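There are 2 protein chains.
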Amino acid sequence: MSPSPTTSQPLDLRRAVAIGTPKAIDLWLDVVDDPRHRSDQLAELTAAEHARLGELMPVAVAAEMADTLALHVAVDTFRAVPTRRAADVLAALESDRAAEILRALDPVEREPLLAAVPAEHAIVLRDLLTWPAASAAAHMAPDVLTVDRSVTAAGAIAQVRDHRAKLRQDAHIGAYVFAVDGDGRLEGVVSFRDLVLADADTPVAELVEPDVITIAPLTDQEEAARTVVAHRLLAMPVVDDDGRLLGILTSDDASDIAEVEATEDAERQGGSQPLEVPYLRASPLLLWRKRIVWLLVLFVAAAYTGTVMQAFEDELEAVVVLAFFIPLLIGTGGNTGTQITTTLIRAMSTDNVRMRDVGRVLRKEMATGTLVAAAMAAAGLVRAWTLGVGGPVMLTVAVALVAIVLWASLISSVIPLLLRKLRVDPAVVSGPMISTIVDGTGLIIYFTTAKVLLPELAGL
Amino acid sequence: MSPSPTTSQPLDLRRAVAIGTPKAIDLWLDVVDDPRHRSDQLAELTAAEHARLGELMPVAVAAEMADTLALHVAVDTFRAVPTRRAADVLAALESDRAAEILRALDPVEREPLLAAVPAEHAIVLRDLLTWPAASAAAHMAPDVLTVDRSVTAAGAIAQVRDHRAKLRQDAHIGAYVFAVDGDGRLEGVVSFRDLVLADADTPVAELVEPDVITIAPLTDQEEAARTVVAHRLLAMPVVDDDGRLLGILTSDDASDIAEVEATEDAERQGGSQPLEVPYLRASPLLLWRKRIVWLLVLFVAAAYTGTVMQAFEDELEAVVVLAFFIPLLIGTGGNTGTQITTTLIRAMSTDNVRMRDVGRVLRKEMATGTLVAAAMAAAGLVRAWTLGVGGPVMLTVAVALVAIVLWASLISSVIPLLLRKLRVDPAVVSGPMISTIVDGTGLIIYFTTAKVLLPELAGL
Numbered sequence: 001m002s003p004s005p006t007t008s009q010p011l012d013l014r015r016a017v018a019i020g021t022p023k024a025i026d027l028w029l030d031v032v033d034d035p036r037h038r039s040d041q042l043a044e045l046t047a048a049e050h051a052r053l054g055e056l057m058p059v060a061v062a063a064e065m066a067d068t069l070a071l072h073v074a075v076d077t078f079r080a081v082p083t084r085r086a087a088d089v090l091a092a093l094e095s096d097r098a099a100e101i102l103r104a105l106d107p108v109e110r111e112p113l114l115a116a117v118p119a120e121h122a123i124v125l126r127d128l129l130t131w132p133a134a135s136a137a138a139h140m141a142p143d144v145l146t147v148d149r150s151v152t153a154a155g156a157i158a159q160v161r162d163h164r165a166k167l168r169q170d171a172h173i174g175a176y177v178f179a180v181d182g183d184g185r186l187e188g189v190v191s192f193r194d195l196v197l198a199d200a201d202t203p204v205a206e207l208v209e210p211d212v213i214t215i216a217p218l219t220d221q222e223e224a225a226r227t228v229v230a231h232r233l234l235a236m237p238v239v240d241d242d243g244r245l246l247g248i249l250t251s252d253d254a255s256d257i258a259e260v261e262a263t264e265d266a267e268r269q270g271g272s273q274p275l276e277v278p279y280l281r282a283s284p285l286l287l288w289r290k291r292i293v294w295l296l297v298l299f300v301a302a303a304y305t306g307t308v309m310q311a312f313e314d315e316l317e318a319v320v321v322l323a324f325f326i327p328l329l330i331g332t333g334g335n336t337g338t339q340i341t342t343t344l345i346r347a348m349s350t351d352n353v354r355m356r357d358v359g360r361v362l363r364k365e366m367a368t369g370t371l372v373a374a375a376m377a378a379a380g381l382v383r384a385w386t387l388g389v390g391g392p393v394m395l396t397v398a399v400a401l402v403a404i405v406l407w408a409s410l411i412s413s414v415i416p417l418l419l420r421k422l423r424v425d426p427a428v429v430s431g432p433m434i435s436t437i438v439d440g441t442g443l444i445i446y447f448t449t450a451k452v453l454l455p456e457l458a459g460l
Numbered sequence: 001m002s003p004s005p006t007t008s009q010p011l012d013l014r015r016a017v018a019i020g021t022p023k024a025i026d027l028w029l030d031v032v033d034d035p036r037h038r039s040d041q042l043a044e045l046t047a048a049e050h051a052r053l054g055e056l057m058p059v060a061v062a063a064e065m066a067d068t069l070a071l072h073v074a075v076d077t078f079r080a081v082p083t084r085r086a087a088d089v090l091a092a093l094e095s096d097r098a099a100e101i102l103r104a105l106d107p108v109e110r111e112p113l114l115a116a117v118p119a120e121h122a123i124v125l126r127d128l129l130t131w132p133a134a135s136a137a138a139h140m141a142p143d144v145l146t147v148d149r150s151v152t153a154a155g156a157i158a159q160v161r162d163h164r165a166k167l168r169q170d171a172h173i174g175a176y177v178f179a180v181d182g183d184g185r186l187e188g189v190v191s192f193r194d195l196v197l198a199d200a201d202t203p204v205a206e207l208v209e210p211d212v213i214t215i216a217p218l219t220d221q222e223e224a225a226r227t228v229v230a231h232r233l234l235a236m237p238v239v240d241d242d243g244r245l246l247g248i249l250t251s252d253d254a255s256d257i258a259e260v261e262a263t264e265d266a267e268r269q270g271g272s273q274p275l276e277v278p279y280l281r282a283s284p285l286l287l288w289r290k291r292i293v294w295l296l297v298l299f300v301a302a303a304y305t306g307t308v309m310q311a312f313e314d315e316l317e318a319v320v321v322l323a324f325f326i327p328l329l330i331g332t333g334g335n336t337g338t339q340i341t342t343t344l345i346r347a348m349s350t351d352n353v354r355m356r357d358v359g360r361v362l363r364k365e366m367a368t369g370t371l372v373a374a375a376m377a378a379a380g381l382v383r384a385w386t387l388g389v390g391g392p393v394m395l396t397v398a399v400a401l402v403a404i405v406l407w408a409s410l411i412s413s414v415i416p417l418l419l420r421k422l423r424v425d426p427a428v429v430s431g432p433m434i435s436t437i438v439d440g441t442g443l444i445i446y447f448t449t450a451k452v453l454l455p456e457l458a459g460l
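As you go down the protein sequences, you meet chains P and V in turn.
Going letter by letter, the first sequence gives residues 1 to 460 in full-length UniProt numbering.
Going letter by letter, the second sequence gives residues 1 to 460 in full-length UniProt numbering.
In short, the hints are calculated from the structure, not lab data.
Note that the structure is a prediction, hence the values are computed from the model and not measured.
Using N, Cα and C, we set each Cβ at its ideal position, and we do this for glycine too.
Incorrect hints may have been included.
Label pairs and their computed distance ranges (CB to CB) [unchecked claim]:
id : chain 1 : residue 1 : chain 2 : residue 2 : range
1  : V       : R356      : P       : L296      : 31 to 39 Å
2  : V       : Q310      : P       : V424      : 37 to 45 Å
3  : P       : I444      : V       : G388      : 17 to 25 Å
4  : P       : V414      : V       : R356      : 39 to 47 Å
5  : V       : G359      : P       : L11       : 19 to 27 Å
6  : V       : R14       : P       : I444      : 46 to 54 Å
Below, a list of computed lysine to any residue pairs in the SDA-like style, where the Cα atoms sit at most 25 Å apart [stated by the list, open to error]:
id : chain 1 : residue 1 : chain 2 : residue 2
7  : V       : K421      : P       : Q41
8  : V       : K290      : V       : L280
9  : V       : K290      : P       : R354
10 : P       : K421      : P       : E261
11 : V       : K364      : P       : A47
12 : P       : K290      : V       : K290
13 : P       : K421      : V       : P35
14 : V       : K290      : P       : V321
15 : V       : K451      : V       : L406
16 : P       : K23       : P       : H50
17 : V       : K451      : V       : A375
18 : P       : K451      : P       : G359
19 : P       : K421      : P       : G359
20 : V       : K290      : P       : L410
21 : V       : K451      : P       : V319
22 : P       : K290      : P       : L275
23 : P       : K421      : V       : L280
24 : P       : K451      : P       : R354
25 : V       : K451      : P       : V321
26 : P       : K290      : V       : I411
27 : P       : K290      : P       : A301
28 : P       : K290      : P       : R103
29 : V       : K290      : P       : T370
30 : P       : K290      : V       : A374
31 : V       : K421      : P       : A43
32 : P       : K290      : V       : K364
33 : V       : K364      : P       : W288
Only part of the chain P face toward chain V is listed, based on derived beta-carbon distances under 10 Å [said to hold, decoys possible]:
id : residue
34 : A266
35 : L344
36 : S349
37 : G431
Excised from the complex, chain P in its bound form (with noise of 0.2 Å):
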């Protein structure tokens, strides 16, 4: 991953269209043909250059440019330019992300741009954006080849070529061809290059495979994608209850699927909400709203530190050089438990750990977490030396230091897995969270060691 050179791009969309001519923006379309790239660009223009764009650029040109583009990018575009052109370049899309398009608009944007499009094709638009939004159906090309299982490779062949309309450009839904029934009941997949290598009066019965990986159509979007992933499909079929194909889920749906889920989860990782918008275009008021919550919840959760403090003031104030470790204490206890919690839940959502794993994990984590807390216990050893505080504070650091790592070892190996057990999305225990809950506990494991071990507060 590296940064995108884009300044040593010599023609830029918005010198292409203070050119105005078609000839510029073919030329800027040849040099600049990196998606990431024309979105940067097209998301810097005017509204006046947009509309200027639009005469500039036919409509197939303008389809196919924005198959590819960054949603945001292309749902800001559609707002800009006029209604009748968003609606030609809309009605030449795949179905599938005219509906991605037409559902991040406001219904008040929407409608004028649904009326202005053939009705036979706003009907399909309508259909998709009535499935729900995070269900497979709201990211399926409903435009599907499908043939006959009756006819020959050859019949096959002359029934595709009479929908080749249907296939515009994108080269993920034309990968399989679906035989079906007369009542649209899908019977099996066959591949265009079987369809090619077959001899032409093969019957199509005889190359098609029967065995075909499905998926209702409400089904999560994430598990969706990632059984198109697992099985290295191309497009797996939308298929009803009654086994009726309703269209197809393409990888590259399932790609986008699988970069959005993995942002969400980064954020909630870090303890905010997701924010549903691209970074930059989040404004600080949508920033504060996605972070305020829990940083909220977290200092009220975190607040009962100050009771434990309160409760072991005595013992504070007897012996202030405890106070030197809190600090150092409670992050090392966050920080276990966050290392912990990342890679489980990580583990977790790759399907790497099930809950019938829940044995092992705790095995491995508490062995792990004892081979951590002697390491640890050194290092506190070490430290506390250091600032000279005595050989019994230096033993109650390092006695607290193994209870705190194992302490938070059990803690944050036990959350993910009990959520899951619960169904609940473990991806909601954030590193803050785990930090916030080890944070009192080890106060406690602390203050409570030291009365044990420290002569001067035996009284207290």
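Chain V: place on chain P using the hints.
Below, chain V alone, put in the same frame as chain P:
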């Protein structure tokens, strides 16, 4: 992402092997079609069961299954079965998958296998193994379909049929056909679909798209994977400096690379070194090694919190209630910083934030930090009031919270950007690291504020 119901599987692999007929294995393959469940069950077989399974399963079926298994399960299976058999399956696999498995084996395990593979195939595999593991070329499939651009569509289909042995099972590899000149230099790409849909006597030259996105063999695997996804390609040609076609990187390879990279980033963010093996296979000793380095680094870094506290020992003895708020204040600073770095690092690793956005990021984060600081100061006042610490300490806590939140916002937005500037992967900045940095500086801010605001500390 729901827990997989493995317990409801009616036939498991161990029972199928115990029955001991090829039909039982066939039935198992039919019943258990999810590669994740197959991997689980295969991983639990003993060496004797592996050998028995090897006798029961035809080579082609074994190769098809090995293609989708989890890598570590596939590698273990190759270790468990006799060399002769393993070499047969290896030869039947796609070369990129075979190389991936060989790369995971020790050289002493690898050599006998390579020696048992047919010579011309072994040359291809050895060539793949020479590329660095993190390069695009290490993941490429060298078995590419090529045609001469001077032929017609029908002629191209005939050429492709001659090479059908190259195609094996992978639909990604067969998605495009590449036009090359006499020296193997890439001239363009033609899709299978276009070959089928064109009239038989159309010259291939008319169907060829000369404007192909390619990548150099030594490109970093993560950058290469992101390019495949951004352009929505099924496969991207890997081309050397002379324009020669070396192989292709397919979109399922790109998905695998993206998943591995996301896991490594998640582990780094949690303050561990990446594990490199699946979690359940990591021994406590390995987990300890991956974790203890950062724990000790952070412990040493956090040790200065003790020095800071010692420097303010007189203040702490004079107003011991100041200690009550230490975990709360430094915890809030750490949480604020962790929220920012995780969001920012994810946005950078998905190309949503680049170096040129430094100014926007800083303005956005400082504006957000101001809003957060106001809310946290209010929360801090409430908490200090409930602990009954009196007006001056309440004010100290509120002012310190504002300063700590703003400070945490500043350093946690600057550090990732600075690392990117220095060409260090910003994903090395973990939540624990930010917390540690904020802990000590937060204490200095807190005690300095107290010295200014508390009359009883005026003389110290």
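Hint-by-hint comparison with the structure:
| no. | hint | result |
| --- | --- | --- |
| 1 | V:R356 <-> P:L296: 31 to 39 Å | holds, 34 Å |
| 2 | V:Q310 <-> P:V424: 37 to 45 Å | holds, 43 Å |
| 3 | P:I444 <-> V:G388: 17 to 25 Å | holds, 21 Å |
| 4 | P:V414 <-> V:R356: 39 to 47 Å | holds, 45 Å |
| 5 | V:G359 <-> P:L11: 19 to 27 Å | holds, 25 Å |
| 6 | V:R14 <-> P:I444: 46 to 54 Å | holds, 48 Å |
| 7 | V:K421 <-> P:Q41 | holds, 22 Å |
| 8 | V:K290 <-> V:L280 | holds, 14 Å |
| 9 | V:K290 <-> P:R354 | holds, 22 Å |
| 10 | P:K421 <-> P:E261 | holds, 21 Å |
| 11 | V:K364 <-> P:A47 | holds, 24 Å |
| 12 | P:K290 <-> V:K290 | violated, 32 Å |
| 13 | P:K421 <-> V:P35 | holds, 23 Å |
| 14 | V:K290 <-> P:V321 | violated, 32 Å |
| 15 | V:K451 <-> V:L406 | holds, 20 Å |
| 16 | P:K23 <-> P:H50 | holds, 17 Å |
| 17 | V:K451 <-> V:A375 | holds, 24 Å |
| 18 | P:K451 <-> P:G359 | violated, 34 Å |
| 19 | P:K421 <-> P:G359 | holds, 14 Å |
| 20 | V:K290 <-> P:L410 | holds, 18 Å |
| 21 | V:K451 <-> P:V319 | holds, 22 Å |
| 22 | P:K290 <-> P:L275 | holds, 7 Å |
| 23 | P:K421 <-> V:L280 | holds, 18 Å |
| 24 | P:K451 <-> P:R354 | violated, 41 Å |
| 25 | V:K451 <-> P:V321 | holds, 19 Å |
| 26 | P:K290 <-> V:I411 | holds, 20 Å |
| 27 | P:K290 <-> P:A301 | holds, 18 Å |
| 28 | P:K290 <-> P:R103 | holds, 22 Å |
| 29 | V:K290 <-> P:T370 | holds, 15 Å |
| 30 | P:K290 <-> V:A374 | holds, 15 Å |
| 31 | V:K421 <-> P:A43 | holds, 24 Å |
| 32 | P:K290 <-> V:K364 | holds, 14 Å |
| 33 | V:K364 <-> P:W288 | holds, 10 Å |
| 34 | A266 | holds, 4 Å |
| 35 | L344 | holds, 7 Å |
| 36 | S349 | holds, 6 Å |
| 37 | G431 | holds, 4 Å |
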